[in-house]
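Q: Residue numbers (my numbering), protein chains in the order written: chain A, 265 to 410; chain B, 22 to 202; chain C, 16 to 527.
Since the hints were derived computationally from the structure, they do not count as laboratory data. Careful, some of the hints might be misleading.
Interface residues of chain A toward chain B, partial, derived using beta-carbon atoms under 8 Å [as the list claims (entries may be wrong)]:
1. ILE322
2. THR352
3. LEU355
4. ALA356
Okay, the calculated beta carbon distance ranges per label pair [what the hints assert, rightly or not]:
5. B:HIS82 - C:GLU290: 18 to 24 Å
6. C:ASP289 - A:THR275: 50 to 56 Å
7. C:HIS287 - A:VAL363: 34 to 40 Å
8. C:ARG288 - A:THR275: 33 to 39 Å
9. C:ARG173 - B:ARG193: 15 to 21 Å
10. A:ALA328 - B:ARG55: 52 to 58 Å
11. A:THR275 - C:GLY81: 32 to 38 Å
12. A:PHE348 - B:LEU132: 22 to 28 Å
13. B:LEU139 - C:GLU227: 43 to 49 Å
Nothing here was measured: the structure is a model prediction, and the numbers come from that model. Every residue gets a Cβ at the ideal spot worked out from N, C-alpha and C, and that includes glycine.
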Amino acid sequence: MITVNATMALTIAVLFATGFYLLLQRSLMRVLIGVVVLGHGTNLLLQLAGGPPAAPPILGTVPAEAIGDPLPQALALTAVVITFALTTFLLALGYRAFVLVGHDEVQDDIEDRRIGTQSLPTASLADPDDEVDEAADDDVESQAGR
Amino acid sequence: MTAGQRDEQVPFDEWDVPRQGWWLSGECRDSYSRTLLLEIATRTLFPTMLVFSLYLLLVGHYSPGGGFSGGLVAGLAFVLRYMAGGAVGLGAVVTLRSPVLLGSGLMIAVLTGLAPLLVGAPALSSAYLSVELPLVGTVSSQTSLLLDVGVYLLIVGAVLDLLRSLGGGIERDMQDAGERP
Amino acid sequence: MTPDVALIVPLPVLLPLLGATVTVVGSRSPALQRVVGIVTLTSVAVLAGVLLVVADRRGPVVAQLGGWAPPVGIALVADRLSALLLLVSTLVTLAVLVYAIDQRIADYGRGTASTTFHPMYLMLSAGVSLAYLTGDLFTLFVAFELMLTASYVLITRRTSASKIRAGMTYVTVSLLSSLLFLTAIALVYAATGTVNLADLAGRIALLPAGLETVLGLMLLVVFGIKAAMVPLHLWLPDSYPNAPGPVAALFAGLLTKVGFYAMLRTQTLLFHRDEPWNLLLVLAVATMLVGALGALAQNDLNRLLSFLLVSHIGFMLFGLAVFNAAGVSGAALYAAHHITVLATLFLISGLITRRTGTVALDQMGGLLRTAPALAVLYAIAALTLAGVPPTAGFVAKLALLQSGVAVGPWPTIVAGVVVVASLLTLYALARVWVRVFWGEAVAPLLDDDPDDEVVVGTANTPAAMYAATGGLVAVSLAIAVFAGPLSAVTGRAGVDLLEREPYLVAVLGAQS
Numbered sequence: 265m266i267t268v269n270a271t272m273a274l275t276i277a278v279l280f281a282t283g284f285y286l287l288l289q290r291s292l293m294r295v296l297i298g299v300v301v302l303g304h305g306t307n308l309l310l311q312l313a314g315g316p317p318a319a320p321p322i323l324g325t326v327p328a329e330a331i332g333d334p335l336p337q338a339l340a341l342t343a344v345v346i347t348f349a350l351t352t353f354l355l356a357l358g359y360r361a362f363v364l365v366g367h368d369e370v371q372d373d374i375e376d377r378r379i380g381t382q383s384l385p386t387a388s389l390a391d392p393d394d395e396v397d398e399a400a401d402d403d404v405e406s407q408a409g410r
Numbered sequence: 022m023t024a025g026q027r028d029e030q031v032p033f034d035e036w037d038v039p040r041q042g043w044w045l046s047g048e049c050r051d052s053y054s055r056t057l058l059l060e061i062a063t064r065t066l067f068p069t070m071l072v073f074s075l076y077l078l079l080v081g082h083y084s085p086g087g088g089f090s091g092g093l094v095a096g097l098a099f100v101l102r103y104m105a106g107g108a109v110g111l112g113a114v115v116t117l118r119s120p121v122l123l124g125s126g127l128m129i130a131v132l133t134g135l136a137p138l139l140v141g142a143p144a145l146s147s148a149y150l151s152v153e154l155p156l157v158g159t160v161s162s163q164t165s166l167l168l169d170v171g172v173y174l175l176i177v178g179a180v181l182d183l184l185r186s187l188g189g190g191i192e193r194d195m196q197d198a199g200e201r202p
Numbered sequence: 016m017t018p019d020v021a022l023i024v025p026l027p028v029l030l031p032l033l034g035a036t037v038t039v040v041g042s043r044s045p046a047l048q049r050v051v052g053i054v055t056l057t058s059v060a061v062l063a064g065v066l067l068v069v070a071d072r073r074g075p076v077v078a079q080l081g082g083w084a085p086p087v088g089i090a091l092v093a094d095r096l097s098a099l100l101l102l103v104s105t106l107v108t109l110a111v112l113v114y115a116i117d118q119r120i121a122d123y124g125r126g127t128a129s130t131t132f133h134p135m136y137l138m139l140s141a142g143v144s145l146a147y148l149t150g151d152l153f154t155l156f157v158a159f160e161l162m163l164t165a166s167y168v169l170i171t172r173r174t175s176a177s178k179i180r181a182g183m184t185y186v187t188v189s190l191l192s193s194l195l196f197l198t199a200i201a202l203v204y205a206a207t208g209t210v211n212l213a214d215l216a217g218r219i220a221l222l223p224a225g226l227e228t229v230l231g232l233m234l235l236v237v238f239g240i241k242a243a244m245v246p247l248h249l250w251l252p253d254s255y256p257n258a259p260g261p262v263a264a265l266f267a268g269l270l271t272k273v274g275f276y277a278m279l280r281t282q283t284l285l286f287h288r289d290e291p292w293n294l295l296l297v298l299a300v301a302t303m304l305v306g307a308l309g310a311l312a313q314n315d316l317n318r319l320l321s322f323l324l325v326s327h328i329g330f331m332l333f334g335l336a337v338f339n340a341a342g343v344s345g346a347a348l349y350a351a352h353h354i355t356v357l358a359t360l361f362l363i364s365g366l367i368t369r370r371t372g373t374v375a376l377d378q379m380g381g382l383l384r385t386a387p388a389l390a391v392l393y394a395i396a397a398l399t400l401a402g403v404p405p406t407a408g409f410v411a412k413l414a415l416l417q418s419g420v421a422v423g424p425w426p427t428i429v430a431g432v433v434v435v436a437s438l439l440t441l442y443a444l445a446r447v448w449v450r451v452f453w454g455e456a457v458a459p460l461l462d463d464d465p466d467d468e469v470v471v472g473t474a475n476t477p478a479a480m481y482a483a484t485g486g487l488v489a490v491s492l493a494i495a496v497f498a499g500p501l502s503a504v505t506g507r508a509g510v511d512l513l514e515r516e517p518y519l520v521a522v523l524g525a526q527s
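For reference, chain A alone in the conformation it holds in the complex (with noise of 0.2 Å):
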């Protein structure tokens, strides 16, 4: 069992709060941000995991039982190298969205609201008036155009 220094657990606190937060926004932009900052977060908690600080572990420098624990080392680096990865998809994607739809939001499932109305009480079995299935559907529409 290990136990971590205050300024560690408190900083990588912050670093899991505002990458989640950013991770929560519509922007995908925003969410890439959240992604590394929650990506520096996991891997600053993968370091931790290896004890306190220590020497490198690099054979013939230091003696043998002052070198770190060389694993969650090796594990980090995997770890950035796909956050690295995951990062320029995003980036792309970001472009891309920016590209086809003139924003990079992530928007609502329409075919999801529209079930979603579908289901109103309004909508009865007894009466079934066009009107309102058209109201919801207009509004649906309005709410995907925005």
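Please build the complex by placing chains B and C on the supplied structure of chain A, with the hints as guidance.
A: Relative to the frame of chain A, chains B and C by itself:
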């Protein structure tokens, strides 16, 4: 040949055109978005960074370095070049399509992983090789160096592909749309 | 001297990777890409078959990468469960590839969608294989990333303005689950100092009960997102229907089941328990009902199938939740059946859409007369999914029900919910049958988005697309025909999973 004579041979507007192809060509951007200082610095730094990246690649097995860091340094050299000279400057050095570079890097790495199976050893095993060379002395290395070479090429390919699609591609799109890059 | 069979364990991962590199380097030649893709996947299927036979006869086959022994090195383990799922998954991957290639040839004469399709497809296959075979928690993360990164590219490639939203949702949610996974790994490592699954099995048991629960729940959430367990399923019916037909079929067949496999493996190996897990029972009920009821409300064929996919994940969760050998083996058998039948249904949906030009159920009809072959394929696949005797779905579901009834009152009630969800599934699928195959023939709608991946609203469907779909239906039927030997294998796999001893001995050696 003195410096004065050479200056006369070169037309005034081409004084900064390099004689070697892999230097920045200097004919990339409109004059107002050009940063001369960065361009000149890149001419010196670019080959230096590439050599340093090879050094990192070779010493990687026992010292800090390796295919990934070497590839990243080499990739950064290309990024620097792109920033100084734009997509045009990049095309002057690299004529290979970046997916090919990326693919062959990964192929070398995977084949290195597969090769031990042929001699009945577990996949991804490595062997220690040592050769006695005249004058140089003992040269030794691990077969996993090949894996690092693959990773190196893979990273360089990935960075070049990035500069092509997200760098040059966007520049081109903006030019098509009539915006100044 | 016979060569050591453990040598071939890494091949199902490395061969598709090699194939991917060949298709990248040779990206100018569609013919080369096609051949490499098919040859690679065929050989992986053969290898998986060999591994299944060997693992069933001699116990888990372990390969130590680079010759480093666990827990220091990374081990790849092919036991009965992983080899069986690997075999079924590879067969599905192969059939979907044939379907995708022929669709492309018929539509554009190109034989390949773009330079990225084949490499990414093989990458995804390599990731799936690695996820099944790995005996290491961090390598599992890498496998998921390999698989998901390829899937991001496949779902957003050449996407149109109307569909890019779905891709963005999918990518964001998957990224979140990956980062949570990494966080969970960091915490596991901090608590135990190892990421090797077999080594973890011993060390996690030594932790305080509270810590063990937290780690178990974190991994449950991570794999729950990937397996689309309610309430973490919201991304799935949103994104899958917007992917091109074959890609949706591949995702529906494989990705969620890999998530479930990871859940099954980690929960049985690391967080052993002796009685049913009530929390997971509740989640299984929610998953079954939300999925089945959600499917009833849909008008979009693909969305309907996506909800049914979610619903049937609940069946497997139920098998895991009862936590006895019968339940776990039932879940394994159900996973094998589910991989095949869901991919088949999505391929059939692709064929229906190709003919009618739409996915809206209220805008098609009369396909029974215009496309009788399609009707036959759909009928078999639908009955299989609903679990009508004597199909594979019935065999798998029966195994689950028997496991639940045996252990106590709550699992028995949940077993009743399984029956209800099956009836709702049958109802939803019958509704599709009535809307699509009966009634007046409706003229196909024109392709509303001619520039995208697939051509729709055409009667010109190559025979090979039917053949690929029919091949998968045949695999489903084979699961029913060979139900005896198969359930014997999954039965032994279930006993192995709960006993844990064979796995631990195979990976760590006899001293553990």
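Q: All hints are to be evaluated individually against the structure, with a verdict given for each.
A: Hint check results:
{"no.": "1", "hint": "ILE322", "result": "7 Å, holds"}
{"no.": "2", "hint": "THR352", "result": "6 Å, holds"}
{"no.": "3", "hint": "LEU355", "result": "6 Å, holds"}
{"no.": "4", "hint": "ALA356", "result": "6 Å, holds"}
{"no.": "5", "hint": "B:HIS82 - C:GLU290: 18 to 24 Å", "result": "51 Å, violated"}
{"no.": "6", "hint": "C:ASP289 - A:THR275: 50 to 56 Å", "result": "41 Å, violated"}
{"no.": "7", "hint": "C:HIS287 - A:VAL363: 34 to 40 Å", "result": "52 Å, violated"}
{"no.": "8", "hint": "C:ARG288 - A:THR275: 33 to 39 Å", "result": "36 Å, holds"}
{"no.": "9", "hint": "C:ARG173 - B:ARG193: 15 to 21 Å", "result": "19 Å, holds"}
{"no.": "10", "hint": "A:ALA328 - B:ARG55: 52 to 58 Å", "result": "54 Å, holds"}
{"no.": "11", "hint": "A:THR275 - C:GLY81: 32 to 38 Å", "result": "35 Å, holds"}
{"no.": "12", "hint": "A:PHE348 - B:LEU132: 22 to 28 Å", "result": "24 Å, holds"}
{"no.": "13", "hint": "B:LEU139 - C:GLU227: 43 to 49 Å", "result": "44 Å, holds"}
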